[in-house]
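Once you have looked at the hints, place chain X on chain R.
There are 2 protein chains.
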Amino acid sequence: MNNYKLTIQYDGGRYKGWQRLGNTENTIQGKIEKVLTEMAGEEIEIIGSGRTDAGAHALAQIANFKMRKRMTEEEVMKYLNRYLPQDISVVAVTLVQDRFHARYNAKDKTYSYKIWNKPFPNPFMRKYSMHVEDKLDQKKMKEAAKHFLGEHDFTSYSNAKAKKKSMVREIYSLDIKEKEGFIEIKIRGNGFLYNMVRKVVGTLIEVGLGEIEAAAIPSILESKERIQTGRMAEAEGLYLEKVGF
Amino acid sequence: MNNYKLTIQYDGGRYKGWQRLGNTENTIQGKIEKVLTEMAGEEIEIIGSGRTDAGAHALAQIANFKMRKRMTEEEVMKYLNRYLPQDISVVAVTLVQDRFHARYNAKDKTYSYKIWNKPFPNPFMRKYSMHVEDKLDQKKMKEAAKHFLGEHDFTSYSNAKAKKKSMVREIYSLDIKEKEGFIEIKIRGNGFLYNMVRKVVGTLIEVGLGEIEAAAIPSILESKERIQTGRMAEAEGLYLEKVGF
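Residue numbers (UniProt numbering), protein chains in the order written: chain R, 1 to 245; chain X, 1 to 245.
No lab work stands behind these hints, which were simulated from the structure alone.
Zero decoy hints are in this set.
Not close to chain X: a few residues of chain R, all C-beta gaps over 12 angstroms, as computed:
| # | residue |
| --- | --- |
| 1 | K16 |
| 2 | L21 |
| 3 | E38 |
| 4 | R51 |
| 5 | F100 |
| 6 | Q138 |
| 7 | E143 |
| 8 | T155 |
| 9 | S166 |
| 10 | L193 |
| 11 | A214 |
| 12 | A215 |
| 13 | A216 |
| 14 | K224 |
| 15 | A235 |
| 16 | K242 |
List of simulated lysine-lysine pairs, DSS-like, C-alpha gap at most 30 angstroms:
| # | chain 1 | residue 1 | chain 2 | residue 2 |
| --- | --- | --- | --- | --- |
| 17 | R | K146 | R | K107 |
| 18 | X | K69 | R | K118 |
| 19 | X | K177 | X | K140 |
| 20 | X | K242 | R | K177 |
| 21 | X | K127 | R | K31 |
| 22 | X | K177 | R | K127 |
| 23 | X | K177 | R | K177 |
| 24 | R | K127 | X | K242 |
| 25 | X | K78 | R | K140 |
| 26 | R | K179 | X | K179 |
This one's a predicted model, so the numbers in the text were calculated from it and none came from an experiment.
Positions of the beta carbon are idealized from the N, C-alpha and C atoms, including for glycine.
Okay, chain R solo, but in the shape it has when bound:
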């Protein structure tokens, strides 16, 4: 079997997220598997490093798949980009060792979130960022960000229904930067729960708007109650930026 590692970019706007659910074709995974199965001449399953939410984007999602047929990296890349829709792009293909597994081997992930913080909309980025009209207080947001660093039980910041698995995750860094009218939030951690990044960003926005105090975050985390968290930032502003192995 040949094991191929893919680096994939996508505009998630019209998809129900990465993960194929049964026969749902309207997912990134479903779209790619369909093309791969035709290419390979056998049923192909692709393993992503993790799911992304419906509507969220990826700058470098990592995935792998195995097939009997031997093709060069260039051939696989060309085939995929030829038959995939224009909003999914394969930017790199590498033949890797048989044991490489995009999910099990992923050590950390970096997500970024783009906020357009101007009183007028940005016509070109309206599907690729969240528009917050009122001025955000970045100093307060940076203060708030510190409370998320380190290891925490993120139950309050999840929407997961399963209560069995551990909700503990470690956040390595959470940076907030201004760049040409955008506020970019970058978060790196060993893993993220379902909706977690969007809920964390939602809290940072609430702090930036003066709706809640940064100092309230530790008690929200400690409560382990999902009801304690407020708004969830829109999926359009969210990008899976990097997967570390």
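Below, chain X alone, put in the same frame as chain R:
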């Protein structure tokens, strides 16, 4: 009468260009006039510095309109951004002297054109750039660009039907730069004929792909035959970037 100058950004993707044609509502001008007329309580006509093609974008289109009602610049900006669709944004409003006229006073215009020159598509910029898969020879393109500088009769580079008006335009600069995978072409001149920028870019692409020689351009210009020019670059990559007064 109060004369207001507007700086407007738009994603032209779903419009039939700037200029309203009769009752056509599906134009940028039509959309803005509809909102202005409601705001002013009288029929408003807006004057743009020039038309943009169907599907083409603007980073800073300049326009002006006059109304009896007196409103502050902030009020006009807020009203427009509240009622205009998200793909049209008013980024500045200034009360100007009565004699200011966005078309007659425009001295020069700068257009930019974005080409994504990679073998794989760019999912986020697919509607905001033209994808050319084969590697473009930028050195040859720069060589070709020189032939357009200065004053020329651009009949060959127009699609205009009217033969009466002068087809002579002066190009002040035509620069080609690479930037994060994009080739950006910037062209500044005292005016541009219908489809002219896209036809000039089309020729530059043909030169970059080795389909024609840069040295062929002077004779294409001299022929004054529209049939002599080859491909026209897609509207998606075109931006009205700046209007000089």
